[in-house]
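Q: Listed below are the residues making up each chain.
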Amino acid sequence: MSTKDRFDRQFKGVVNALARSVAEATDEEIVEDAKASGFNLEANAAELKAMFLDTAKKFQKRKLIEAKEAYGRQVQRLQQTSFQLPQSPAERQALLQSVVAQQAQRGNVLTAKFRDFENMSPTDVESLLQELGALGLLPADPQKPNE
Amino acid sequence: MADKSPRRVPEERAATPEEVHAAIESLSLADWARLRKFADYYIVLLGEKAGDRRGKDLLHVAFERLLQRMRKWDKTKVDFMGFLYGAIESISDGWSKKKYSPTEQPVLAAQLVQEADEGELSDPVEEFVSTEVSPAQMLLYNETLSQIEVLFVDDPEVLKVLEAFQEGYDPASTRDFWGLSQKEYNTIIVRMRRTIERAGILDPTRGVRHVH
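Protein sequences appear in the order of chains C and X. Position 89, counted from 1, in the first sequence is what my numbering calls 89; the numbers after and before it change by one each time, with no gaps. Position 100, counted from 1, in the second sequence is what my numbering calls 100; the numbers after and before it change by one each time, with no gaps.
Bound-form chain C, shown alone (with noise of 0.2 Å):
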């Protein structure tokens, strides 16, 4: 195709085979380049290092603030998170049991603290309940621990 007229693509043509001349020249080349021009090389490498450092700083800061953010919204859905759960302290007790046991059976061994909830609160209990709740380690209807 021909580029007459087309002085967008002549001029493409030059600045594209300029750029590329760049790219591929010897830092020596380079060197001279800035001694003809009075370009700074120093001042140069330094305004753009500092920009890209400045730059990549930023993500990651931002990159964190998500993720604190994200872990605040998961925080407050697991807090807003209720479950149905047996109207009597004793039945909650039985329920807690009955959660542990089956998950010791499948081999998920709970932490330390959920070990002695025969002398838990009950609104100790209450509160684990809810966790195990969220965590999705509860039965369908937590009303019928058995289940």
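Straight-line distance between alpha carbons at most 20 Å, and here's what the computed SDA-like set of lysine to any residue pairs gives:
hint, chain 1, residue 1, chain 2, residue 2
1, C, Lys12, X, Arg191
2, C, Lys12, X, Ser146
3, C, Lys57, X, Ala15
Everything labelled a hint here was simulated from the structure, so no lab data went into it. Computed from a predicted model, the values in this text were never measured in an experiment.
For chain C, the structure is supplied; the task is to place chain X on it using the hints.
A: The following block gives chain X in isolation, referenced to the frame of chain C:
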């Protein structure tokens, strides 16, 4: 459409943030100069569509897209410099397709990139494709080419090479067409580059981008 979605580079071949950091640290003074000048040339190519952007802005966007993993650097295929050159070319190409309005406030394209719910990045700039060049910009390209030719009225070797470039020949085809050795070609292109640079014709802060 260029540069719309993350390149399909397998995760195990994509450079890690630590590797990117190491690559930055390893760049020499000459490398940084190459990057600046390479990006400046691509800003000049954009003409009026560059708005107030400079080569540094183009480099910044290229690097941001690497961090966002919108473009991944396949370290097994290309070095860091090669990756950045490719990104600069691609981003500049995307910007060149953007419709130009002299009344619009120019913004960095990176500021327009938005993340969808699935985490996919979209760049609205690339949704508005326009390959048209305004008559004023076309005239300016013509004038700039004339100014470059005038610089070399007494240098037939450079004029020959310039003619080939204007016809769309790449460096290898240009060497073949004119029967130039690599060494002869290098000597000519370096002379051309330095003369044009000294004349300031392709300085991105003036010339081809502003229509008066």
